[in-house]
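Mind docking chain B on chain A? Use the hints.
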Amino acid sequence: MPKKVLIADDTEFFRVALKDILTGGGYEVVGEATNGAEAVEMASSLKPDLVILDVVMPGKNGLEAAREISALKLPIKIVMCTSLGYEPIVEEAIRSGASGYIIKPLSETKVLNTLNSII
Amino acid sequence: MDVSKYKSLYLQETGEHISGIEAGLLAIEKTPGDSFALDNLFRHYHSIKGMSASMGYNPIMQLAHAQEDLLDKLRSGKLGVTSAMTSLLLKCLDAMKALVERVRADEPLDTDSSSLIEALKSCASGKEPLAPEPSAAPSAPVEGGHKLRLSSVMKVEGSVFDGLLASVGDLFMALSSFKALTHGTRSVEFKNGVHQIGKTINSLHESIISARMLPLEDLTAGLPRLVRDLANETGKNVALHTEGMDISLDRSILEGLGGPLVHIIRNAVDHGIEPTAERVQSGKPLPASIRIKASTRKDRVVIEISDDGRGMNRQKLKARAISSGIPAAKIEAMPDREVLKLVCLPGLSTAETVTSTSGRGVGMDVVKDAVEGFGGSLEIESTEYRGTKIILELPRTSSITKALLVETGGELFLVPISRIEKVIEVPSNELDAGTYAFAGAEIPLVELAASLGIKTGPRFSRTLIVLDASGTLSGTEGKTLAGLVVDDFGDEIDAYVKPLLPPMSRLRSAAGITVLGDGRPVFLLDIPQIILKALERA
Chain A
2 MPKKVLIADD TEFFRVALKD ILTGGGYEVV GEATNGAEAV EMASSLKPDL VILDVVMPGK
62 NGLEAAREIS ALKLPIKIVM CTSLGYEPIV EEAIRSGASG YIIKPLSETK VLNTLNSII
Chain B
78 MDVSKYKSLY LQETGEHISG IEAGLLAIEK TPGDSFALDN LFRHYHSIKG MSASMGYNPI
138 MQLAHAQEDL LDKLRSGKLG VTSAMTSLLL KCLDAMKALV ERVRADEPLD TDSSSLIEAL
198 KSCASGKEPL APEPSAAPSA PVEGGHKLRL SSVMKVEGSV FDGLLASVGD LFMALSSFKA
258 LTHGTRSVEF KNGVHQIGKT INSLHESIIS ARMLPLEDLT AGLPRLVRDL ANETGKNVAL
318 HTEGMDISLD RSILEGLGGP LVHIIRNAVD HGIEPTAERV QSGKPLPASI RIKASTRKDR
378 VVIEISDDGR GMNRQKLKAR AISSGIPAAK IEAMPDREVL KLVCLPGLST AETVTSTSGR
438 GVGMDVVKDA VEGFGGSLEI ESTEYRGTKI ILELPRTSSI TKALLVETGG ELFLVPISRI
498 EKVIEVPSNE LDAGTYAFAG AEIPLVELAA SLGIKTGPRF SRTLIVLDAS GTLSGTEGKT
558 LAGLVVDDFG DEIDAYVKPL LPPMSRLRSA AGITVLGDGR PVFLLDIPQI ILKALERA
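Top to bottom, those sequences are chains A and B. Counting in my numbering, the first sequence runs from 2 upward without gaps. Counting in my numbering, the second sequence runs from 78 upward without gaps.
Treat the hints with care, since some could be wrong.
[Claimed, not checked] A partial selection of chain A residues facing chain B, derived with a Cβ cut-off under 7 Å:
hint, residue
1, Glu13
2, Ser45
3, Ser46
4, Leu47
[What the hints assert, rightly or not] Below, a list of computed lysine-lysine pairs in the DSSO-like style, where the Cα atoms sit at most 27 Å apart:
hint, chain 1, residue 1, chain 2, residue 2
5, B, Lys479, A, Lys111
6, B, Lys107, B, Lys276
7, A, Lys111, A, Lys4
8, A, Lys4, B, Lys82
9, A, Lys5, B, Lys407
Because the hints were derived from the structure by calculation, they are not lab data. Fair warning: this is a prediction, and the values are worked out from it, not measured in the lab. We put the beta carbon where it would ideally sit given N, CA and C, even for glycine.
Extracted from the complex, chain A is given alone in its bound form (with noise of 0.2 Å):
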């Protein structure tokens, strides 16, 4: 059974590639979240087994929802996703619960290696 993600991201340019990368990748794409609490409440409704966070959302940002994630003690792994120059902050991310980080700009090999190292 394919590994079900939910992507979180404010751009749709984002969640349109990323979806298609992860769909061709063989994961199964079961909700996109526009920013960071509704990443927490889909998270914890969907269940996926994986959930990609953008950094930079409006409300409450990634760092923020990756923190909330964490907390719900569910079986969910965190990726990271930010531009160039914000490594200081995947960091800190990596130390509230996130599993891996993916850096823009987005390649398909970096986003699957990323993805199939953690799951």
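Below, chain B alone, put in the same frame as chain A:
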């Protein structure tokens, strides 16, 4: 990864972020500490940077990145917003817009943005940026106003509606021939069928007309930026107020309104509004105000653009008009509204200085011609010291033209009502001189039959249509009149006029074609062309 399939999504989303940035920059200029606006701005730049990097559009990515860095300093409070900073960011936004347009047009992104990036970096390091040099013609905000805003429903190219409307026009023509057939048949089913089709085409036509309507807001969204730039350039303190921008107009009219509106506002900032020191001295309020107010009048919309500046100087206007060759006696006899309209004569303006914005050559004459070109009218009110108000009255839809049916030599033609001043029956012998005395002036006459090469027999009396021929004759009068001589006239009709396609479009005398209820095709006359052609020959 093949990114080309994401290009349209990239363009759409980048466009939304650019609009967001424009609004955000104007917001922080007003309220520098607006943390909500600063957060949003940061995210807009961040998203553009990320998307551009993924698409491989590095020049856009680098420019967005430098702006994002500056915004990061601003939103964290490490730096305060200054007006030089927002000016720099607006300049960068224009550069970014231009780059995105190059992406859209598949052109190489070889524009050099390095000086902007350097300026952003020095700004982010806490140095005050140099004041940007004034741009020659800030036209970008206007172009930005022309997009469709159907975001709550769906996005459709405007040209789709042009095509739909043209198809409905074809249906109307086809219907006319069916209607003509109903006269020769007794079949009730056929008659009912044609009647039903007619009703359906009418309702389809109405739906398309309403779908083509766009709110004025779409056009005026770019004006706050324009006023801001103009005020900065001229060192004046001006605020823009709008009212009634939710009123909708046909998109073709809205498009045509863009140029005139910008010109009127430039005039107001440039010539109407006094320099700040002068306003302070005469106890006038600051900021000066420019107000755009729209309201509806039957099926037309009235747009008033007023300023509280110094008003127009009638003595100067009259003096200029006299020096351009209009008899002084004539000007003294003019009613006040005609005196003010002297400003619409080509090359006439009371502005003492020529600035980069209002310039020379293109003046209110162009505004008036443009507005009249889509069936509108222009009036001016002005009180010295209190300000000037320009009143535009426009049709809300454009595809139906009110026209008068005329006949000459047994052929039918249509004359747009908007051009007609008066229709008079005149004994033929009074028209032989080639001119006719009307309202105290000798107006030139154009014989339609001769102009089109149609034979017409002798008649005791003919019909003279007095036309407003503004925009054709380079005369010196306030309103240019000419007479069109035809045999007879008929009904005034609402014509669905279709534009002519090649090779028919090469007919200089016709502006379009329509089909009458009985199936006969009729040309809508291009009045300026006909008069110009006839007078060239004379």
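Now the hints, each set against the structure:
1. Glu13: At about 6 Å, which falls below the 7 Å cut-off, the nearest Cβ of chain B leaves the hint on Glu13/A intact, so it holds.
2. Ser45: At 25 Å from the nearest chain B Cβ, Ser45/A fails the 7 Å test, so the hint is violated.
3. Ser46: violated (26 Å)
4. Leu47: The hint is violated - Leu47/A has no Cβ within 7 Å of chain B, the shortest such distance being about 24 Å.
5. Lys479/B / Lys111/A: violated (65 Å)
6. Lys107/B / Lys276/B: At roughly 53 Å apart (the allowed maximum being 27 Å), Lys276/B and Lys107/B break the hint.
7. Lys111/A / Lys4/A: holds (18 Å)
8. Lys4/A / Lys82/B: Cα-Cα ~26 Å, so holds.
9. Lys5/A / Lys407/B: violated (85 Å)
Hints 2, 3, 4, 5, 6 and 9, counting from the list given before, are not met by this structure.
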